[in-house]
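Enquirer: Sequence:
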Amino acid sequence: MLQIVDIQVKEVIDRVTEKSFQLELTQDAKQFLLHTGSSEEYGARPLRRAVQQYIEDPLAELLLQGNLESGAKIEVCPSESGEKLKFKVTARAAEGVAI
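Numbering-wise (the numbering used here), the sequence shown opens with residue 4 and increments by one.
Mixed in with the good hints there might be a few duds.
[Said to hold, decoys possible] Derived DEER-like restraints, expressed as beta-carbon distance ranges:
1. E64 / L5: 20 to 28 angstroms
2. A94 / I7: 31 to 39 angstroms
3. I7 / S84: 20 to 28 angstroms
4. S42 / S73: 38 to 46 angstroms
5. E64 / Q6: 25 to 33 angstroms
It should be emphasised that the hints constitute simulated quantities derived from the structure, not laboratory data.
Note that CB positions come from ideal geometry on N, CA and C, so glycine has one too.
Whenever a hint applies, use it, and build me the whole structure from the sequences.
Expert: Now the structure itself:
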């Protein structure tokens, strides 16, 4: 099932790469998406919606803020509460900034 997550997320990674940023999801973030985006009744069909809700929408807000330098690395991992994902931005050659 993680392969399905990888396929869904690859589309987002490709779009972010076109904008000169790096996007990486931790294994825990992928597990989070798998857990929130699948059900016994519907299988992995809700996964696309989970990727949009937990990755695409917050990422779009982050990019629209305009505070990212070209080439910045964005790492996605679960929040401490485990209820959402958090984005850690690291500038190309600078120290990290948690968002």
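Enquirer: Now tell me, hint by hint, if it's right for this structure.
Expert: For each hint, the structure was consulted:
Between E64 and L5 the beta carbon distance is about 26 angstroms. The supplied range of 20 to 28 angstroms therefore holds. Checked against the hint of 31 to 39 angstroms, the C-beta distance between A94 and I7 comes to roughly 32 angstroms, which is consistent with it. The supplied range of 20 to 28 angstroms is met by I7 and S84, whose beta-carbon atoms lie about 25 angstroms from each other. Checked against the hint of 38 to 46 angstroms, the pair S42 and S73 passes, with Cβ atoms roughly 39 angstroms apart.
The given range of 25 to 33 angstroms is respected by E64 and Q6, whose C-beta atoms sit roughly 28 angstroms from each other.
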